[in-house]
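Just so you know, the sequences run in chain order Y and W.
Each residue of the first sequence is one higher than the last, beginning at 71 in our numbering.
Each residue of the second sequence is one higher than the last, beginning at 71 in our numbering.
Think of the hints as simulated: they come from the structure by calculation, not from any bench.
Keeping only pairs whose Cα atoms sit at most 20 Å apart, straight-line, the calculated DMTMM-like set for lysine to aspartate or glutamate is:
| id | chain 1 | residue 1 | chain 2 | residue 2 |
| --- | --- | --- | --- | --- |
| 1 | W | Lys143 | Y | Asp265 |
| 2 | Y | Lys262 | W | Asp169 |
| 3 | Y | Lys262 | W | Asp166 |
| 4 | W | Lys262 | Y | Asp169 |
| 5 | Y | Lys94 | Y | Asp397 |
| 6 | W | Lys193 | W | Glu336 |
| 7 | W | Lys262 | Y | Asp166 |
| 8 | W | Lys143 | Y | Asp260 |
| 9 | W | Lys94 | Y | Asp260 |
| 10 | W | Lys78 | W | Asp397 |
| 11 | W | Lys287 | W | Asp435 |
| 12 | W | Lys404 | W | Asp173 |
| 13 | W | Lys78 | W | Glu412 |
| 14 | Y | Lys143 | W | Asp265 |
| 15 | Y | Lys262 | W | Glu151 |
| 16 | Y | Lys94 | W | Asp260 |
| 17 | W | Lys97 | Y | Asp260 |
| 18 | Y | Lys97 | Y | Glu412 |
If we take Cβ atoms under 8 Å as the criterion, some of the chain Y residues that face chain W in the derived model are:
| id | residue |
| --- | --- |
| 19 | Asn110 |
| 20 | Ser127 |
| 21 | Ala129 |
| 22 | Met149 |
| 23 | Ala167 |
| 24 | Glu219 |
| 25 | Gly222 |
| 26 | Trp259 |
| 27 | Asp260 |
| 28 | Lys262 |
Backbone N, C-alpha and C define an ideal beta-carbon position, used for all residues, glycine too.
There are 2 protein chains.
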Amino acid sequence: MPSPLPRKRIVIVGAGFGGMAAVKALKGANADITLVDRTNHHLFQPLLYQVATAALSPADIATATRALLRRYKHTTVLMAEVESADADRRIVHLADAPDLPYDYLILATGAAYSFFGHDEWAKHAQVLKTLTDALSIRERLLSAFEWAEECGNPDMIRRLLTFVVVGGGPTGVEMAGTIAELARSTLAWDFKNIDPRSARIVLCEAGSRVLSAFPQKLLDYAAAALNKLGVEVHLNEAVNEIDANGLLLGETRIEAANVIWCAGTEARPAADWLGANAARNRGVKTAPNCSVPGHPEIFAIGDVASFDAGEGAALPGLAPVAKQQGDYVGRLLKARIAGQPEPGAFRYKDLGTMAIIGRSHAIADFGRFTLTGFPAWLAWSLVHLMLLVDFRSRVVVYVNWSWAFFTYGRGARLLTGVARLKRPQWLRISAQE
Amino acid sequence: MPSPLPRKRIVIVGAGFGGMAAVKALKGANADITLVDRTNHHLFQPLLYQVATAALSPADIATATRALLRRYKHTTVLMAEVESADADRRIVHLADAPDLPYDYLILATGAAYSFFGHDEWAKHAQVLKTLTDALSIRERLLSAFEWAEECGNPDMIRRLLTFVVVGGGPTGVEMAGTIAELARSTLAWDFKNIDPRSARIVLCEAGSRVLSAFPQKLLDYAAAALNKLGVEVHLNEAVNEIDANGLLLGETRIEAANVIWCAGTEARPAADWLGANAARNRGVKTAPNCSVPGHPEIFAIGDVASFDAGEGAALPGLAPVAKQQGDYVGRLLKARIAGQPEPGAFRYKDLGTMAIIGRSHAIADFGRFTLTGFPAWLAWSLVHLMLLVDFRSRVVVYVNWSWAFFTYGRGARLLTGVARLKRPQWLRISAQE
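Make the full structure from the sequences, and use the hints.
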């Protein structure tokens, strides 16, 4: 009987859909896995806009990563910021924590919003990537109505109740639609001095149509739905300026206290760490097996990767892509470590795309067939419920949480404010020693 | 038929138990009511420690005030900070919002924690009064374990996993007990490099016993329960210093990354606004009908008031006191406005007091009889459930929230970060005009 092989060290950066899928696929591999994320939770991003619009609580769409992976004996979860990676020495450098040596590295760091070189706009426009972003948007949305109720100045009220969403992709459409519902129904009867239904919701898209990834016939429905919700759609106009009081859309000035940026994204700086080739969105260009050319031991998956989908196009930044790539790379490494044949090139299985416009309007494109209206909304709900169940039985979790008051359950283990929380000085110093 | 009397203007400051009870008792009165609070939500404070210890989400114990009062046609809710009150001109001055003239003023501003003149300790010790406080404590508690997992330094791990609760009142005991449970059970199996069960939880009380308001026989039980939970209780020792690394307890130095202050409270500065007589805790001394001597049109209720309970003692700062006083003052004003005889002096009906020590230990003192253990815990749960139901059918709300994912309900309309959120400059300037 041969002596057991030494265990390999695998470092996974990012606890999103990609990183989690990789951990799961690696279960049982002869390896010690370290999963690093700057937050302590796995976030169900597709529903983040509902936290931003006060429909859901953070605990409803996020769960402590280490609680999800409790039973993964050989997986260590670290909450830390990755500063850089040394591909030659095979070491990941963490901020304020010891280095992580690795045999295999999986980069699943995702993407961030980009202001197309106008970083000064970030002061005045909210983005929606993290729980902290969502809570900050929620605070601004709700504060706008509160301040309008008390300020007693018509111009200010108009400015406070003008909400501009920049970017006509699925997130932008979801945000605009839900803000419209917040104003027209949820808050409609709660104020004495203002009429929340008079709020102006503007969705602006520099391109010629919103939801441009969908076929035209669905877009007509989407346009009608947005119109029905009272969302003002501006097409073919770029944002030229954003300041504290509003924005310049084309040549038109819009006074708005609330600007939400759902436009361009770019991959997080993993490519810089490796000196690897990056695509236009700074995504790491990968080989057909998701590895980084020249580094068969390093893989990039999900939004941080730029995977050639043929005709020079890259795979879109969608949750299913990240999940499938994470699962693929996990299986590949498990096979490689066991000395078994590795799977062939990664192939993305497109399960269709959906977008929801407010409470009961949605569109779904399953390639072979499409859906609109209630059937599409039903499909959207079921798919998202299945996705939730997929990474943990969330229906059950939901009921558990509803009884947390009686059972002292722990549904809310999230550090939504971790970005604001500074480490004590003594911890920072010594960690660098 | 006589011409209708002019409607009176009533301003209520504070949307806690006292202020809300007053609004409800005033329903149907011939008056326009304005309820001012610095937050947008009514908070169920008795369960705040469970948010701080990640057992519950903010949305579970707080609800948008204006949603609760939606059906109160003549009540306007304002989210604003009160700067001062002009008792002679009968005007309340708001920060960044127009003045509020009143015929009757009800002060229900509550109390804040006091560091006994050592305000510099506030930088290093967390207090627990608001949702923001609770989230900040939660972040610190959970971060401590995360940082310990990754720092790899035994001294630091010990310091990170030492939690000191200052103050042996009900809140301090609840915090210490729940932190102990968090470490010994909830988090026990989630870490690879540390053993959360090794956490050190210290409860220190300057007096000779914890929960001193309770009869001795209950205290023996409480002491045993704390001991069983592994909470280290220090009596008869005052805190002499708190810094970033820990605290000085008597002459003993304790290295601790987490210090939670549940010791002294003092009334918010309403007395200063009025130049009224204040008690030692800065509470507004009130007449037997809760009015402020010399100002029959001004009332002070709840923690901000100092109501003589005989033998020079004031009524304790408990939710039932605030509720009963709010209800009393509401009925009194309703009668006065209607020209009917006013109720006699306020009398506090003591329904008993309870304290919970961890998940399944509690003590209850109902005067005629006392409870410990599971019966007391059951009583505690039922009473708090009833109190929740009292201000809104929270059981139902709970189930609603559990299905928010499907129904797009709005259970989470809270500005937990409002304290951090600055108003836009243009709004601040103009409001002062």
